[in-house]
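The lines below spell out each chain.
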Amino acid sequence: MTRRRLPAFLRTPLGISGAAGVAVLAVIAVVAPILFEDQATTGKVADAQLPPSAEYWLGTDSLGRDVFARVLVATRLSLELSLAATALCVVAGVVIGVLPVVLGRRLGRLVTAVVDFAVAFPGLLLALFLIVIFGAGSSGAVLAVGLSGAPFFARLTHTLASGIAQRDYIAASRMLRVGPVRLLVRHFLPNVAEPIVLNATIIFASVLQAFAALSFLGLGVQPPSYDWGQLFNEGLARIYVNPGQALGAAAAIVFAGLSFSALGEALSHAAGRRSGQGRRKTESAATAVSPAAERDEFAETSARLRVSGLRVEVLPEGTAESFEAVREVSFEIEAGESVGIVGESGSGKSLTASAIAGLLPTGAYATAGRIDFGGRDLRPLTVSQRAKALGTSISMVFQDPMTALNPSMRVGAQLAEVVQVHEGADRKSAMARAVGRLGQVRIPAPARRARQFPHEMSGGMRQRAVIGIGVMGSPQLIIADEPTTALDVTVQRQVLDLLEQVRADNDASLMLISHDLGVVAQRCQRALVMYGGTIVEELTTDMLRETAAHPYTRALLDCVPEVMSEPGGHLVTIPGTPPEPSAMSEGCPFAARCVSADDRCRSERPRLEAQGRAGHRVACWYPQVMVKADTLVGPGGGGA
Amino acid sequence: MSALELKGLTVSYGKGRRVMTAVDNVDLTIPSGGFLGLVGESGSGKSSLGRAVAGLAPVTSGQILVDGAPLARRSLFGRTAQPVQMIFQDPSGSLDPRMTVGASIAEGVAAGGARGGRADRSAEVRRLLELVSLDPRHATSLPSRLSGGQRQRVALARALASAPSLLVADEITSALDVSVQGSVLNVVREAVATLNITTLFISHNLAVVTAMCDEIAVMYAGRIVEKAPTAELVSRPRHPYTRALLDAVPSLRRPAPRADAKVLDTEPPDPFHLPAGCPFNPRCPAGPGVHADRQICTERRPQFVELNARHLAACHFPGAVTHDTVERSAHANASLPT
Numbered sequence: 001m002t003r004r005r006l007p008a009f010l011r012t013p014l015g016i017s018g019a020a021g022v023a024v025l026a027v028i029a030v031v032a033p034i035l036f037e038d039q040a041t042t043g044k045v046a047d048a049q050l051p052p053s054a055e056y057w058l059g060t061d062s063l064g065r066d067v068f069a070r071v072l073v074a075t076r077l078s079l080e081l082s083l084a085a086t087a088l089c090v091v092a093g094v095v096i097g098v099l100p101v102v103l104g105r106r107l108g109r110l111v112t113a114v115v116d117f118a119v120a121f122p123g124l125l126l127a128l129f130l131i132v133i134f135g136a137g138s139s140g141a142v143l144a145v146g147l148s149g150a151p152f153f154a155r156l157t158h159t160l161a162s163g164i165a166q167r168d169y170i171a172a173s174r175m176l177r178v179g180p181v182r183l184l185v186r187h188f189l190p191n192v193a194e195p196i197v198l199n200a201t202i203i204f205a206s207v208l209q210a211f212a213a214l215s216f217l218g219l220g221v222q223p224p225s226y227d228w229g230q231l232f233n234e235g236l237a238r239i240y241v242n243p244g245q246a247l248g249a250a251a252a253i254v255f256a257g258l259s260f261s262a263l264g265e266a267l268s269h270a271a272g273r274r275s276g277q278g279r280r281k282t283e284s285a286a287t288a289v290s291p292a293a294e295r296d297e298f299a300e301t302s303a304r305l306r307v308s309g310l311r312v313e314v315l316p317e318g319t320a321e322s323f324e325a326v327r328e329v330s331f332e333i334e335a336g337e338s339v340g341i342v343g344e345s346g347s348g349k350s351l352t353a354s355a356i357a358g359l360l361p362t363g364a365y366a367t368a369g370r371i372d373f374g375g376r377d378l379r380p381l382t383v384s385q386r387a388k389a390l391g392t393s394i395s396m397v398f399q400d401p402m403t404a405l406n407p408s409m410r411v412g413a414q415l416a417e418v419v420q421v422h423e424g425a426d427r428k429s430a431m432a433r434a435v436g437r438l439g440q441v442r443i444p445a446p447a448r449r450a451r452q453f454p455h456e457m458s459g460g461m462r463q464r465a466v467i468g469i470g471v472m473g474s475p476q477l478i479i480a481d482e483p484t485t486a487l488d489v490t491v492q493r494q495v496l497d498l499l500e501q502v503r504a505d506n507d508a509s510l511m512l513i514s515h516d517l518g519v520v521a522q523r524c525q526r527a528l529v530m531y532g533g534t535i536v537e538e539l540t541t542d543m544l545r546e547t548a549a550h551p552y553t554r555a556l557l558d559c560v561p562e563v564m565s566e567p568g569g570h571l572v573t574i575p576g577t578p579p580e581p582s583a584m585s586e587g588c589p590f591a592a593r594c595v596s597a598d599d600r601c602r603s604e605r606p607r608l609e610a611q612g613r614a615g616h617r618v619a620c621w622y623p624q625v626m627v628k629a630d631t632l633v634g635p636g637g638g639g640a
Numbered sequence: 001m002s003a004l005e006l007k008g009l010t011v012s013y014g015k016g017r018r019v020m021t022a023v024d025n026v027d028l029t030i031p032s033g034g035f036l037g038l039v040g041e042s043g044s045g046k047s048s049l050g051r052a053v054a055g056l057a058p059v060t061s062g063q064i065l066v067d068g069a070p071l072a073r074r075s076l077f078g079r080t081a082q083p084v085q086m087i088f089q090d091p092s093g094s095l096d097p098r099m100t101v102g103a104s105i106a107e108g109v110a111a112g113g114a115r116g117g118r119a120d121r122s123a124e125v126r127r128l129l130e131l132v133s134l135d136p137r138h139a140t141s142l143p144s145r146l147s148g149g150q151r152q153r154v155a156l157a158r159a160l161a162s163a164p165s166l167l168v169a170d171e172i173t174s175a176l177d178v179s180v181q182g183s184v185l186n187v188v189r190e191a192v193a194t195l196n197i198t199t200l201f202i203s204h205n206l207a208v209v210t211a212m213c214d215e216i217a218v219m220y221a222g223r224i225v226e227k228a229p230t231a232e233l234v235s236r237p238r239h240p241y242t243r244a245l246l247d248a249v250p251s252l253r254r255p256a257p258r259a260d261a262k263v264l265d266t267e268p269p270d271p272f273h274l275p276a277g278c279p280f281n282p283r284c285p286a287g288p289g290v291h292a293d294r295q296i297c298t299e300r301r302p303q304f305v306e307l308n309a310r311h312l313a314a315c316h317f318p319g320a321v322t323h324d325t326v327e328r329s330a331h332a333n334a335s336l337p338t
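Chains as they are written, first to last, in our numbering: chain A, 1 to 640; chain B, 1 to 338.
Don't read these hints as lab results, they were simulated from the structure.
Any given hint could be a false lead.
[Said to hold, decoys possible] Examples of chain B residues toward chain A, derived with CB under 8 Å:
(1) Val84
(2) Ser183
(3) Cys213
(4) Ala244
[What the hints assert, rightly or not] Every beta carbon over 10 Å from chain A, so not counted as near; a handful from chain B, in silico:
(5) Val59
(6) Arg126
(7) Leu274
(8) Pro275
(9) Arg301
(10) Leu307
We put the beta carbon where it would ideally sit given N, CA and C, even for glycine.
Starting from the given sequences, assemble the full structure and let the hints guide the process.
The following block contains the structure:
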């Protein structure tokens, strides 16, 4: 699929109609005064006050001028004035909005207070007030409407700028003593531009209406000039003689308002989606079964979880090309076993876990393979089927406990909800059980803590609460995705202890995903090492230091920093960067960074094959049989 | 190039009853060209201390002296860069997303007071990119084109561009994969050694700190609780908190330590309501939770005790070395690079 795609905002009905409407208006604004100027300004007195007819579509006014032509010609002035007012509104707003950044703290606070006060004042009322000062007429109305909208933009700019002011790159520039003007021009304005422009498009519609309203009240455009509002005003007085004029002007105002609103909405929607998540992939791809999975006929096994030939495809938003982020992943987890999945970011470890938990992000799809849990393939199930089949038997612990908890709900209620929904328990007994579970996950004073909101707890406490939610039911598999990455080392240890305890108490299996080989080595019985979307090595953790055979595993082992009693040792790194999942080669994914790679590695992908001792599988053409860490990587670090 | 001295540095936020003292009366010295590691949990005040040194956090009281002279307060329209520069944790937030790498670094070059035209400046940008082991062609890239490790190296290049005499590195690798962590840390250490810049290296990971720093200070609840040369601290930690931190480092060489059921299972203290006496006492394996007779820990805050010329610890019962520690120092010695 290489055909060029339309901009995202044009792919929705809203965007298409908005853009078309605006285009029509623009053409009319340019063309109409050239073509219809005569009919609009000179009329025959004999033709005055005619109702709509074939000759005069909207009839004529008291001087016999063609109302339809007047409505068309008025487009230019109406749009021009609205444009000028919007521009004034944005410029004044942005200038006032960034003032607090440039001025000191005290003056800045004063400006913010004034802006807040002005925002609280109804916009049209402010415009009416200002027009008294500036005087009725076109320029007065532009100033009034423009300035009355300025507080809104000032507030918006101020909010955006305060967000940017917190960013580290602003702090870095401050340390370099970059001047306030340059700070504004180089750092603030480019980063606030997009939302400001979007809002300007949306606000344009209201400015247009505000103008129409002012002209209608006789405070805006003065005769002999005319815009839609003024035409509407004239027309309304004669609505029983000729309804055409009032209706025509009103239709123009509504049409323009709707077109600009629709375009603005579509634009901002597209902008929001660009930074957000992608679309769903088509169903057809999702039901394809890979040859490997077909070949691998499902045998009776004692394993609690059995994943075979799993593939996950990702379709990033705004692109037509999807890529495989997880390729042919197969492994088993026995009852009561704890297995660690290790890999760098982008290795596919989290997507694998999400696929098992049925929590793949939008735009990611498990396209092939089987996920057998308790004798049933979970992959093709829908969300509700999964919920029915699984109940609470798979529980998930995330890296950031704040995202796993509802910030506006008390922690106890969130635990209680699990049994209320899945087991139909009543509120009181569910709550009692929640408090009990909070105690089990070693949260001190559980009854008091249950009444707290997540933000009142520390990171470690929240993670315990999430684990507590996981054990409210009767989990058989606990999937913990980087559960301690956001926590301090001392707290990390407690949370890992807790996971181990919870696993043992429930006779559950634990799947621990981590980028830290040290954590996996200490906490799991087996390790799966993932790289470039595939498992490159599978082994027991006690084999890890001596028998790891894949060059990537060995290199990763050397990267784990250990406490040293003498500084200065060269820290080991793996040269190069992980491969882009979207540009994966045919060969071994690690070939580009591997010191012992040759042509075969670059052209032919090694399969995961059994190696030496039981439980050891490795996907490498040249597995390292001997421990020779020093020949793989630089001096220092490992192999003590 | 310059010695850094903190005298009674206090940083607090908020007013009235909601005042929170992040850094509490800290005295600390880094000799000229020294590389000091500052470790502690989140909320211990280590980042606030670093930001205060970099002029990014308000100093409530106390002094920051660079070569004996107080660090000039930030003036709004000052022309040249301050002598202290800082690198931050988040590689995605540390560079302006709308500015090319070269432009970001050039901002630092200009702020360093460099004279000369556009050509000189871009030559300097190229030199800095090479200094941090990046391809000079990256100068025209936007940060979004770079990996996290590369971005952190650009951030280092920008910090070095203004020729600072002091560098604060705040958790610069905690957002990076372990496989690229070393590439950033090696570059930092080499650059700092080449340019002889005094460095304050902040991290929660003791393993990283021991590999990088000559000297380590351990911070807890806003105060320094132990300070010693790296070898000394690792082999003979005297404060129980230091020992807990050392034990908590995940390692391939040791099995997971089992937490003592009685202690070290409570959360870090609430900074608004610090425990009376030694703030570590509810979590302390050598404190009143285990030894009932040690009530002094809940009554008096321990002062810094000089154990030897360079080893200081703020503990009522320093140096209660357990078998755990002895075992680790054996490990540590075994892992010495040969």
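To see whether the hints hold, each was checked on the structure:
1. Val84: holds, 7 Å
2. Ser183: holds, 4 Å
3. Cys213: At about 6 Å, which falls below the 8 Å cut-off, the nearest Cβ of chain A leaves the hint on Cys213 (chain B) intact, so it holds.
4. Ala244: Constraint on Ala244 (chain B) satisfied, holds at 6 Å.
5. Val59: Non-interface label on Val59 (chain B) holds, nearest chain A Cβ at 15 Å vs cutoff 10 Å.
6. Arg126: Fine: 19 Å to the nearest Cβ keeps Arg126 (chain B) off the interface.
7. Leu274: Per Cβ check, Leu274 (chain B) is outside 10 Å of chain A; nearest 14 Å; holds.
8. Pro275: holds, 14 Å
9. Arg301: Non-interface label on Arg301 (chain B) holds, nearest chain A Cβ at 21 Å vs cutoff 10 Å.
10. Leu307: holds, 17 Å
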